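Engineer: Reminder that position 65 of the sequence shown reads as 65 in the UniProt record's numbering, one-by-one numbering, no gaps.
A couple of the hints might just be wrong.
[Said to hold, decoys possible] Restraint-style ranges between C-beta atoms, simulated for each label pair:
id, residue 1, residue 2, range
1, C76, H39, 27 to 35 Å
2, P50, G13, 18 to 26 Å
3, S11, L83, 46 to 54 Å
4, T78, I48, 42 to 50 Å
5, I73, S23, 53 to 61 Å
6, G14, I73, 34 to 42 Å
7, K31, E82, 36 to 44 Å
8, M1, D67, 47 to 55 Å
9, C76, H6, 13 to 21 Å
10, S42, F70, 50 to 58 Å
11, S51, L22, 15 to 23 Å
12, G13, Q81, 50 to 58 Å
The hints are simulated quantities; they were obtained by calculation from the structure and are not laboratory data.
Predicted model, so just to flag it, every value in this text is computed and none were measured.
Where a beta carbon is used, it is the ideal one built from N, C-alpha and C, also for glycine.
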Amino acid sequence: MIDENHGLVTSTGGTNYYVRVLSTIDREKLKTSTSIAMHRHSYSVVDILPSESDAAIQMMQVQEKPDVTFADIGGCDTQKQELR
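Using the sequences and the accompanying hints, generate a full structural model.
Structural biologist: Okay, here's the thing in structure tokens:
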């Protein structure tokens, strides 16, 4: 937070934005690396997202372990060796 109504936000692309924080946002929850929702036109902070909503974290989470083994996959011997 820069002051009570403004903060500095870094996007996933690395761009920094000086933004307005809506009065409805709990300032105590705004910390470094908190995921937020921004208004698409004004870039104001409009919501604090739950930590599990982070797209990068969701991509790394294993949803379910596949029951397929390398022996079940036909062909692609070179590609299978690279995966091992």
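Engineer: Now tell me if each hint is right for this structure.
Structural biologist: These are the hints, each one checked on the structure:
no.	hint	verdict
1	C76 x H39: 27 to 35 Å	violated, 46 Å
2	P50 x G13: 18 to 26 Å	holds, 22 Å
3	S11 x L83: 46 to 54 Å	violated, 33 Å
4	T78 x I48: 42 to 50 Å	holds, 47 Å
5	I73 x S23: 53 to 61 Å	holds, 56 Å
6	G14 x I73: 34 to 42 Å	holds, 38 Å
7	K31 x E82: 36 to 44 Å	holds, 40 Å
8	M1 x D67: 47 to 55 Å	holds, 48 Å
9	C76 x H6: 13 to 21 Å	violated, 53 Å
10	S42 x F70: 50 to 58 Å	holds, 51 Å
11	S51 x L22: 15 to 23 Å	holds, 20 Å
12	G13 x Q81: 50 to 58 Å	violated, 35 Å
Of the hints listed earlier, those the structure fails to meet are numbers 1, 3, 9, 12, in rising order.
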